[in-house]
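Going line by line, the protein sequences match chains W and X.
If you're matching positions, the first sequence starts at 85 in the working numbering and goes up one per residue.
If you're matching positions, the second sequence starts at 2 in the working numbering and goes up one per residue.
Possibly wrong hints are sitting among the right ones.
[Claimed, not checked] Using 30 Å as the maximum straight-line C-alpha spacing, the simulated BS3-like pairs for lysine-lysine come out as follows:
#1 403(W) <-> 196(W)
#2 188(W) <-> 76(X)
#3 109(W) <-> 394(W)
#4 224(W) <-> 276(X)
#5 107(W) <-> 309(W)
#6 300(X) <-> 115(X)
#7 110(X) <-> 224(W)
#8 188(W) <-> 369(X)
#9 147(W) <-> 110(X)
#10 147(W) <-> 369(X)
#11 311(X) <-> 224(W)
#12 300(X) <-> 311(X)
#13 369(X) <-> 224(W)
#14 109(W) <-> 301(W)
#15 147(W) <-> 115(X)
#16 266(X) <-> 110(X)
Hints were generated in silico from the structure; no laboratory data involved.
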Amino acid sequence: MSKLGNIGARLYRGEVGYDFIGKRKIWYAVSILITITAIVGLGVRGLNMGIEFSGGAVFTTPKTSVSSTQAQHQAEAASGGHAATVQKLGNGGLRIQISELDTKESVPVQEKLAKDLNVPVEDVNTQLVGPSWGEEIANKAWLGLGIFMILVVIYLAIAFEWRMALAALIALIHDLTITVGVYALVGFEVTPGTVIGLLTILGYSLYDTVVVFDSLKEASRGITKQSRYTYGEIANRSINSTLVRSINTTVVALLPVAGLLFVGGGFLGAGMLNDISLALFVGLAAGAYSSIFIATPLVADFKEREPQMKALARRVRAKRASAAAKNDSQGSAEGAAESGEEPQDDAPAAAGSSAAGPRSQPASRTRGRGRPSGKRR
Amino acid sequence: MAAPNKGRRSPAAQSRPGRALVLILVVIAALVGGMFYSGTMTPRLGIDLAGGTSFTLEAQNQPGKPNAINETNMKTAAGIIERRVNGLGVSEAEVQTQGTNHIIVNIPKGTDAKQARQQVGTTAQLGFRTVLTAAAGAKTPTPGASESPKAGSGEKEKQGGDSASATPSAGPTTQGRAVSDALKKDDAPSPSGKPTGSPSAPPVQQPPAGADIPAALQKKLAALDCSTKESRSAAAEQAARAKPSDSIVSCEDDGKTKYALGPVKVEGTDVDDAKASFDQQGGQGWLVQMNFTSAGGKKFADVTGDIATKTPPQNQFAITLDGEVVSAPQVSSAIAGGNAQITGGFTQQTAEDLANMLSYGALPLSFKIADETTVTAALGGEQLNAGLIAGAIGLALVVIYLIAYYRGLSLVALASLVVSAVLTYTIMTLLGPAIGFALNLPAVCGAIVAIGITADSFIVYFERIRDEIREGRTLRPSVERAWPRARRTILVSDFVSFLAAAVLFIVTVGKVQGFAFTLGLTTLLDVVVVFFFTKPLMTLLAKRKFFYSGHPWSGLDPTRLGAKPPLRRGRRTSAPIETKEA
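Generate the whole structure from the sequences, applying the supplied hints.
Okay, here's the thing in C-alpha cells:
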C-alpha cells in the first residue's frame, strides 16, 4: 500500500504519469471503434424492449397453488424465452404478463400455462396489454433530456468555457451510446429500470467529467503568463494529478454495482437487477474512462487551436530549443527532464531533486496563492 | 451554486466544527424521532417490490358516440389517469391499457385506495354552460354560488341572493313542477323590459325568453329529482352523456337547486391550469382557481359579457363537472383576464383533487371500476433480497478498499457514508406518508450509485489534503487550505447533478420524475453531509495527535505520502492559515 501512496505522490509531482494527451489519438481510435461497434450492434440487433414499452399479453388465472416464482419460470418457458412478470392476485389467482406476444401467439402459451399451472384452460383469461411506459412518459423524458443538455452546456460554458462544455457533451454522448450498444449486443430486455440506469449515468458521466475539468481549469490558470509548458502538457499533468481521485471514486462507485451485477444477477439469478446493474456498470466505467481519455484530450485539442495557445506552444518550443542547445553544449543529459508529459523513468527524474522540485510547483499552482506576480518563475 | 467560489462559507463550518456536528446530529435525531412519531419505520416500497392494489377500469359505451372507445382515446385516458394517480410523480403507480376497453391501474401498498378510486373513476368533464332557467330544489334558500371572480362583491347584484333559489318554497319536487308549469304558461313574457332589480314571483325565476326553452327540456327539468344522492348521481350520469352542444338539465351538487342549461360555451380543454387555494378575505373557504388558455379566456370573456346584460337567472353561468353543477355564479360584467374560480363547499382535499383533475384534463371516456384486487410484488422478495445481499457485498468491498487506502481517514469516510445513509433512509421513509413517495427497485439501485457520488466528495477532499501535505504542510493548515478548493469542485460537480434532477423533475412525468426526485435528494444530501459533517469532523480530527503527528495508520503520514523534505516547512507552518479562495 505504501507503494500506492508513493505512486500518488509521484503522480502529484509529475514524476510518473501516463501521457494521456500525447497518446490521445490511440484512445480516440479505441473509442470510435467501440462506438461504431455499439451503433452497429444497435442497428443490427436492435433493442429488446420490455413489456412496459411494447405491451404484450396478460394471462389471469384462477386460484392456483403454484408460487409466483415457479409460475414465472413456467411462463418464460411456455412463451419461448420472453420475459414474464408474475403477480399474485387477492383471490389467489395469478396475473402473468409476458412481453411481445400478440393474439395469435398467446393461444398456445395460454394452453401451455394452463397445463403447467394445473388449471382449466378456459379459466385462463388472456388479453393484450398496452405499455405502462406510455408514449407520453417517453416524449416528456426526451424533452427533459433535451432541455437539460442545453442548460448544462450553457452552465459549463459559463462555469468553465464552451470548449469544455462541448467536450463534456461529446463524452456524455459517447458514454450513452456505448451503454445502449452494449445493451443491444447482450440482448437484455430494456425495462424502465434500464432507462433509469441510463439517466443515472447521464448524471454521473457529467459529474465525473466536471471534477476532472475543475482540476484542469485550476491547473491552467494563468497559463499564458509562463512559457514552460504547453496547454496539452498542463492538461496531462492535471489528469495525472487527479488520477488517484478518479481511480478511487470509480472503484467506490463500481464495487457496489459490480456486486449487484455479478453476485446479485449472476449467482442469485435476479432478472430486473441485471437490467439495471448492467446499464450502470457499463455506464459508470465508460463515464470514468471518457472523462480522462476523451473529454480532457478533446479540450486540449480545442484549446491548442487558439492563437494564444499556439503562441504559447511556440514560446515553449523556442525556450526548450535554447535550453537543449545550452545543455548540449554542456554535454548534460538533463534535457530529458524537460519533456514534462513523457512518462519518465526514475533515473532522470531522480537525477536531481532540484529538477523535480520546480515541477511540483508549476507556475499555475503557485499562482493564485497570493504570491505577487513578480515572483513568478 | 453556479459560482460557488464566490461565496465564502459561513464561518460556522470552518471555525466552529463542533457546532456543525451538533447541528447535523440534532437533525438526524429529529428525523429519526419523526420516523418513530409517524410510526413508519421503512420507506414505502413501489409496486414492483411490495405489491399493492390493482383496479381494472372498463370504458363505458356512450350513446351518440359509437366509436368513442378506440385506441387513441384509451391511450389518452391512460395518460391522464397516470398523471392523476401519480401526483408528484413519486408514488410509482402504474397505468396500462388492457384489451380494447380496459385500463389497469396499479397503486402501491399503503396508498389511499379510496382517494385513488375517486381519482381514476372521475371523468372530470368540465363545462361552462349558460343557465336557461333555475329552480329551487330544496328548502334552504342559498344559491350554491354567487360570485364571479372578477366581478367584485361591489358589482354583485344586490338581489343576487334571490337569484336561483333564494325563495321560500315548498318541497323540492313540487317546486320544480311549479316552475315548469309557470314556464309553460308564460308564453309571452315581457322580461326584457323588466328592471333587473324588481323581485320576481318567488318560486319562479322568470326566464326572459321562455320560448327559447324547448318544451322537452322543461319537462325534463320538471321531472328532475335532486333530493337524494342516488337520484342526483343518476341525473349527473345522464347529463354527462349529453353532447356538449345539447341543452341539459342538471342538479347542483348539494341538491338545493336544479338548472336547465344551454350548450357548453367554454370547455374543460380551455382550462390551462388549475390550483386549489384558500380564500382568506372572502371567507369562501377552499376554492379552485383556473387559468384559461388564451382562446379559452377570450371565449369566457365573450360569454360572460353576453350574459351579464341578461336578467336572473340567465345572468348566471353554470360550471358543470361530469354532469353536475358545481357552482353557478352570477355575472354582472364581462370577465376578462383569463381566469375564473370555482367556489362552494370544498374541503382542502376536494379542492386539490379537483384542481389536479382540471389541470390534467378530462378523460375522453367515462370509466367504471370493473374490478379491484390486491396484487403481490411483481419482482418478488427474492429479487429484493438478492439486491440487498449483493449491495451489502459491494459495500463491504468499498469499506475494505477505503480502509486499505485511506487507513485512519477512512473513519471519516465511513462515518460520512453512515450519516448520509441514515439521512437518506429517514427522509425517504418520512416522505412516504408525506407526499406518497415510494421506492422502487431502480431507485434502490440509484441510491447505491449515490454512494459513489457521496464518496467522491470526500475522496476529492482527502486527495486535496494529501496534496497539501505533500507540499510540506502540516495537517491543520492542510485541512483548511484544501477545503476551499475541494469545496468548489464538489459544488460545481454536484450542481450538474442537481440541474439534471431539477430539469427532469419539472419536465417529465411518471417514473422518470420519480427518479429525478431521488437524484436531487441524494445530491442535496451529499452537499449537506460534506459541508456539515465531513469537513467539521476533519477539522476536529486534525487536532488529534494520531492524525496530526502523521501516525502510519492515520492515512496522513507525510513520509508515506512522499512529502517533500521539510525545506520550507518551518516558514509555511508559521504562516497564518490563509484559506484562500482557490
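Okay, the hints, checked on the actual structure:
1. 403(W) <-> 196(W): Given pair residue 403(W), residue 196(W) is violated - Cα atoms ~81 Å apart, limit 30 Å.
2. 188(W) <-> 76(X): holds, 23 Å
3. 109(W) <-> 394(W): OK: residue 109(W) and residue 394(W) at ~19 Å, within 30 Å.
4. 224(W) <-> 276(X): holds, 22 Å
5. 107(W) <-> 309(W): Holds, because 26 Å separates the two Cα atoms, which is no more than 30 Å.
6. 300(X) <-> 115(X): violated, 36 Å
7. 110(X) <-> 224(W): It holds: about 27 Å lies between the C-alpha atoms, which stays within 30 Å.
8. 188(W) <-> 369(X): Roughly 29 Å between the alpha carbons, so the hint for residue 188(W) and residue 369(X) holds.
9. 147(W) <-> 110(X): holds, 21 Å
10. 147(W) <-> 369(X): holds, 25 Å
11. 311(X) <-> 224(W): violated, 46 Å
12. 300(X) <-> 311(X): Roughly 18 Å separates the two Cα atoms, so the pair holds.
13. 369(X) <-> 224(W): Roughly 29 Å between the alpha carbons, so the hint for residue 369(X) and residue 224(W) holds.
14. 109(W) <-> 301(W): At roughly 22 Å apart (the allowed maximum being 30 Å), residue 301(W) and residue 109(W) satisfy the hint.
15. 147(W) <-> 115(X): It holds: about 26 Å lies between the C-alpha atoms, which stays within 30 Å.
16. 266(X) <-> 110(X): Distance of about 42 Å is beyond 30 Å: violated.
Figure legend: structure checked against the earlier numbered hints; hints not met, in rising order: 1, 6, 11, 16.
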